[in-house]
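**Q** Once you've looked at the hints, go ahead and assemble the two chains, each given alone in its own frame, into the complex.
Which chain is which? The protein sequence lines are A and B, in order. Going by the numbering used here, the first residue of the first sequence is number 481, and it counts up by one from there. Going by the numbering used here, the first residue of the second sequence is number 184, and it counts up by one from there.
It is worth saying that the hints were derived from the structure and are not from the lab. Any given hint might turn out to be false.
Claimed, not checked - When the alpha-carbon atoms are kept at most 20 Å apart in a straight line, the in silico SDA-like pairs for lysine to any residue are as follows:
#1 A:K571 - B:R230
#2 A:K632 - B:R230
#3 A:K502 - A:E492
#4 A:K562 - A:K704
#5 A:K632 - B:W203
#6 B:K222 - A:Y627
#7 A:K905 - A:K1166
#8 B:K272 - A:K571
#9 A:K632 - B:L218
#10 B:K270 - A:E555
#11 A:K797 - B:N275
#12 B:K272 - B:L218
#13 A:K704 - B:L218
#14 A:K1166 - A:R820
#15 A:K1166 - A:D823
#16 A:K1077 - A:K1166
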Amino acid sequence: MDHEQRVELIIEGAGCASCVGKIEGALKGVSGVVGAEMNFAERTVSVDGSVPIDDLIKAVESVGYNAKGTEGVSEDDLMDEKEATDLAYYKRLMREVTIALTLGIPLMAYSLIVGEMTVTTTTERIVWLIIGLLTAGVMYFSGKHFYVGAWKSFLNHSANMDTLIALGTGTAWIYSMVVVFFPTVVPDMARHVYFEATAMIIGLIDLGLALELKARGRTSQAIKRLIGLQAKTARVIRDDKEIDIPIEKVLLNDHVRVRPGEKIPVDGIVVEGHTAIDESMLTGEPMPVEKKESDEVVAGTLNKTGSVVFKATRVGKDTALAQIINMVKRAQNSKPPISRLADIISAYFVPVVMIIAVVSALVWLNFGPEPAVAFAIVSATTVLIIACPCALGLATPMSVMVGVGKAAEAGVLIRNGEALQTASKITAMILDKTGTITLGAPKVTNIHLVNAKDEDGVLHLAASLEAGSEHPLAMSIVESAQDRGLSPSGVEKFKAIAGHGVEGVVEGKELLFGNEKLMRDRRINVNGAIDAAQQMAAEAQTPMYFAVGGQLAAIIAVSDPIKEDSIEAIRRLQKNGIRVVMLTGDNRATAKAVANKVGITEFFAEVLPEEKSNKVAELQMQGEIVGMTGDGINDAPALALANVGFAIGTGTDVAIESADITLMRGSLHGLADAIAVSKATLRNIKQNLFGAFIYNVAGVPFAAGVLYPFFGLLLSPVIAGAAMAFSSVTVVTNANRLRLFKAQEH
Amino acid sequence: MLIINILGILLIAGIVWWFWLYKPADVSENSSDLLVTVKNGVYQPARLKIPAGEAASIKFLREEASPCAGTVVFSDLDISEELPLNKQKTINLPALTPGTYSFTCQMQMYRGELIVSDKP
Ligand SMILES: [Cu+2]
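Extracted from the complex, chain B is given alone in its bound form (with noise of 0.2 Å):
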């Protein structure tokens, strides 16, 4: 039993750490031509990497059917888009000042962020 309960208290730790503390590598890519694919109720990457003081663009390619994927919010910006299934969509974002901004369903069941930060 006492080994039954440490597992338990371990899984629960496990979860904590994996789903919050852990942070993940940032995905950082060519701000010219970043695109994230929706799928499988997640956006791959889901950690993007821009300059900031710069327009951008993002490109959205939902291979989902699921109408949860169907619309991406960037509730900070107050951009709003809706996904065209198989197509790629072209989001521009205009000039931000660095931080953290997020994106994601209209349900934030799928999740992104957009780091922003000045050039080194």
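One chain only, chain A, in its complex shape (with noise of 0.2 Å):
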């Protein structure tokens, strides 16, 4: 390489600024570098000379440092790219349309106004010849990615639509060319030309191109939105003093400070201030998030009122954000199994379609009217010109383009087509309920006193006795005494009972916290307070039976509040056929408590988390498309084993690995709208494809003038050429159509 190249390393652990001097002079030292200047404001550091990244690492490296490159390029930067490579297409294709049609209109006028293009005199020939040749010249300027696309892909052995539409033209001109220079050779009636078509067709399918190319681009307007949330630049604080950076130079552990209005660079934890957040765009939840020190925040979301300083805890491609365009952009371009059939077609479409052209103009030629030939080579391009490969091939990926957009715009990562597919057929549906259906964050709702005096002291007790234990239910009482401004004392003698309770002694008195049979196995008398206890799981709560000195001193009720939502959600999809199963590891009471209030008919109770796959399974016998909905993180097998995966996140952990579909806010809303838009998305693949396949299969037999012995009908190449190029245009629109699908509620 003769010119010299500028490479941009960052550098980390630099913290003083005699680190400067000798990060360049080891820079400086490596043969080949020309130059190399720090900035230690930003930590980075330019080098000039052709030396590969790898050594100017090594050298940091070996002074003490570590560096890496600045990641190639952003993913807007990308996008601007792309833009800029479609626009400079379309301007190309819309010349190549001018050149076309200015020659090919007027003759269409000629043709369709004085009628028969013949060649008799030779004042025509010679017409017809420097018409030739200008129609030569539309080949060459406006067709010639068609010519020459068709030859490459010919020497490699393989068709494409370039070799149909090169065939077709080609056919067209070269017969007419002929006609032109030896009129012998042909019959008197066949002595048209066909230059008309040859230009037209070459402009239409330009035009189509265009077009579709201008459609194409509204089909990424999701993912664009993603890539518009990333800020583009973060405000550090180095060395006390605040600086503005791009967001790729941000390191690990930064310290960033955010205003309100702002954009949150990358993902973080808040060490400083507190604020609202609005995480509308990537989760969908129209509520800000109230954000206090130790909070997490995402890159992307806007910072509404205060000010905060956060320390950056993932940065560049490791943001949920960067993760998010990931998994989207991936899925956009997968395929659903329903695209099989296409493939196949379209892998074998072309060279069926020559040998179609071929067998129509024999048939013509030994069976047709006079003149056979014109009828041959009219029948030939026009088949050759309709068959159009592209709208079967583009039928799927633009559906699946749009629909995966439109499911990342309501929160809703959807992993590949496949699951897209398999999530529109689900006829069962698993929820899991705690976290699930509820908001998964119990609290203590009932304290019902046997032989105890007052509800403080019991919770005072039982809070000390559990405080050292890490069930969630534990949990629950510790967080409603400290509420209460009760402060525990400490315990002796901790033992958990698995699956029963726990014991301890705490200031003296022997405590027992668990369930009914924990107390019947200690003989405790239950007796007077079953009835209490039978009507709290009645109400969804969870009851716990807590004995101070071998004597039953109450029952403390716990329950995990609903969501809001859950209701109305399940009705949803109850509303769409499926079958709506909840799972839980509650006893019986508090499972049919809970499904009651949702309205839900059908549970299983008291599943240990191990069992839960055993239950998708169970429902999978009975022929069911089984959706399991979970939390992702111990329902991860049962997650695996159903047909689609949901893993109902909070917030933004994104990119839960054992789900199908990833749902970035609470709601089981989301769910609902997974599903309709994978069923919306599948409806309008099937729509393109229908229309791809119609068209080709009555376009064709049609086109080889399969109807002319009934009613005389035979189609122009112009009209096909037009009717090919339009075609995709339909597929691409189509699926825009998409776009305008609405999730019924939020």
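**A** See below:
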């Protein structure tokens, strides 16, 4: 390489200004480096010279720092570049369209008004020769890409749309030139020229490509919006100074300041200040979320009220937003199984069409009326031109592109085309109770005193006992004690009795806390409290017995509140004919109460975590296509086994590995939205595939002249060109209709 | 007329042979540095050979502005990448079991094959 390159490195671990000299020195010592200049505030260094980046990184490491390359170009730049590429191509196509139609339209008009374009006199021959040469010019300026593409793929033993267009227009032109030069080789009646067809077809197909390109641009709007969420710069605090740097240069553990109205540039944890953050652009959750110290903030969300400083925990390609963009992009380009047939057909399509064209020409030559040669040429050309493999090939990808993007806008991340397709066919949905239907944050809702005198005393002892336990129910006891301002005492002889409860000694009192069975095992009389406990269970609370000194003191009921919109969302699923089944580790009574409240009639209660996947299998055995919804952590095996696993996230813990579909907000409406979007997308794909199949299945025989013997109808090649050009535009436009789709409610 | 019919039938036979029956020779290259150019409706080279059981990477260089050239899909491998214009894009492949994997554009018009075989 003879010209010099400039490489930019990001330096990590450079804490003082004196590092600058060392790093620059080390880099300048690498042979081939012409210059190195460090920007200490940004922690970047620009190196001039043509040296592999790895050598530069090694040199920096040799003096005790870490370096990494700036990771190529940002998504934003990539998107801009793609748009620029597309725009340039669009302009080129439109230029070609203008050239081709400038010749084609007057010729067309002439043939329509004056009639047959026959070649009889010498003057006519000269005029047509000039027009033939002009047409060749059009073929070169406007249609070169078809011929070059056709030739290259021919050499490669493959054939595509270019092949068909090149053959079709080429045949028409060559035949016309033969007529001009050697009129005598064709019968009198067949001395037509078809230059107008060649010019018009090229123009129309270029026009179709241009319109398709425009329409394609709209299919990627959702991803554009996601990419647009990224901030361009971040205000980091380094050496007690605040500086603005491009977000690619933010390092892990940098402290970043965000003021009201600004976007969060990278993921992090708040270390100072408090604010409300609008996360709706990512999660679809409309209410701003309060953030204080040690809360997480996510790149791309909008800071509303206060100024905060946070520590960067994920930067660059690791931020939740970058991962979401990546996932959506991948899913948009992946194919659902429904496209398989179309893919197989497209692979054989073009040679088959070529064979049909030859057969139809032969049939006309053998059995057709005079002028048979002209009919043969017209039908072969029309067959080649009308057959459109692109409509077939575009049918699925365009809809998937729009559908997956649409889902992402509603906070639903679909992993791939297969998940999208299967989600549209779900017949049964298993919902994990805790954290899915309910908030997953249990609270003490009732204290029923039996032998004890006051609630606070009971709660204080219970909380002291449970302080060391990590069970979610235990945490809820400890929290409500805190809420009442009760501080726990120390516990001795603490022991957890698996599946039953805990015991220990607090302030010299022997305490026992757990379920009814535990009490019976320890011969504690609970008879007087059974009714109260059953009453609580019937109200969807979980009753726990608390004994002090061998005597039942109280029943403490804990319940996990149902999410506000769970009932409505479950009704939406049921209205779609989906069998909704609830799954929980809780006892039957509590499960039944919750199920009743949310309108579910079927439930599995007392299911141990490791049995969850058995329940999925059980429904599958009954012939259901099963969706499983859980929080994605302890439900992983069940999510993986289900036909479609839905992980319900709280906020933005995206890319949950075992899930096919991730719901970024906690609401179950996301579930109904996901199914609605996938149904709409599949419907759209089917419309597209149906349209493309019918178009080719009906168009090709019509072009070959099947209708001629009955109705005297033969398609003109120009009409075929127009139909071909607009078939793919139609497919893309239909896919774009999906953008208007609205999930019913939020 | 007979001659024309015979020519037509030969033409059909030719199409069948050229596009379906004929298998071009493998283009095997050093697995560490495969470069596929996307231009004029084809991948060049369109047949690549890499050893099994080793991660490999293929560079794609798109030299054609047509949007069809803009995406390369390895459908068996669940890989789908956008190709920027006139810029090399490296696609990393995991270690693969022997077999033939096709790569195409979104519309299946550009087609290539990746032949993964055990080392001799
Ligand atoms: Cu087409």
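**Q** Against each hint, give a clear statement of whether it holds in the structure.
**A** Hints, one by one, checked against the model:
Straight-line distance between C-alpha atoms of K571 (chain A) and R230 (chain B) comes to about 33 Å, which puts the hinted pair past the 20 Å bound. Note on K632 (chain A) and R230 (chain B): the hinted pairing holds, with a Cα-Cα distance of about 15 Å set against a maximum of 20 Å. This hinted pair checks out: K502 (chain A) and E492 (chain A) have alpha carbons roughly 14 Å apart, not beyond 20 Å. Between K562 (chain A) and K704 (chain A), the direct Cα distance comes to roughly 11 Å. Compliance with the 20 Å bound is thereby established for this hinted pair.
Proximity of K632 (chain A) to W203 (chain B) is assessed by CA-CA distance (about 16 Å); at most 20 Å being required, the pair is judged to hold. Distance restraint check for K222 (chain B) and Y627 (chain A): the Cα-Cα separation of roughly 13 Å lies within the 20 Å cut-off, and the hinted pair is therefore satisfied. A distance of roughly 14 Å separates the Cα atoms of K905 (chain A) and K1166 (chain A); the hinted pair therefore holds under the 20 Å criterion. Under the criterion of a C-alpha separation no larger than 20 Å, the hint pairing K272 (chain B) with K571 (chain A) is inconsistent with the structure, at around 25 Å.
Using a Cα cut-off of 20 Å, the hinted pair K632 (chain A) and L218 (chain B) holds, with the two alpha carbons roughly 18 Å apart. In summary, the hint linking K270 (chain B) to E555 (chain A) is supported, as the alpha carbons are separated by about 15 Å, within the 20 Å threshold. Annotation: proposed proximity of K797 (chain A) to N275 (chain B) holds, straight-line Cα distance about 17 Å (limit 20 Å). Distance hint between K272 (chain B) and L218 (chain B) is fulfilled; the C-alpha atoms sit about 9 Å from each other, no more than 20 Å.
Taking the CA atoms of K704 (chain A) and L218 (chain B), the gap is near 30 Å; set against the 20 Å cutoff, the hint is violated. Taken as a hint, the K1166 (chain A) and R820 (chain A) pair is honoured in the structure, with Cα atoms around 13 Å apart against an allowance of 20 Å. At roughly 14 Å between alpha-carbon atoms, K1166 (chain A) and D823 (chain A) fall within 20 Å of each other, so this suggested pair holds. Taking the CA atoms of K1077 (chain A) and K1166 (chain A), the gap is near 38 Å; set against the 20 Å cutoff, the hint is violated.
This entry does not satisfy hints 1, 8, 13 and 16, going by the numbered hints stated previously.
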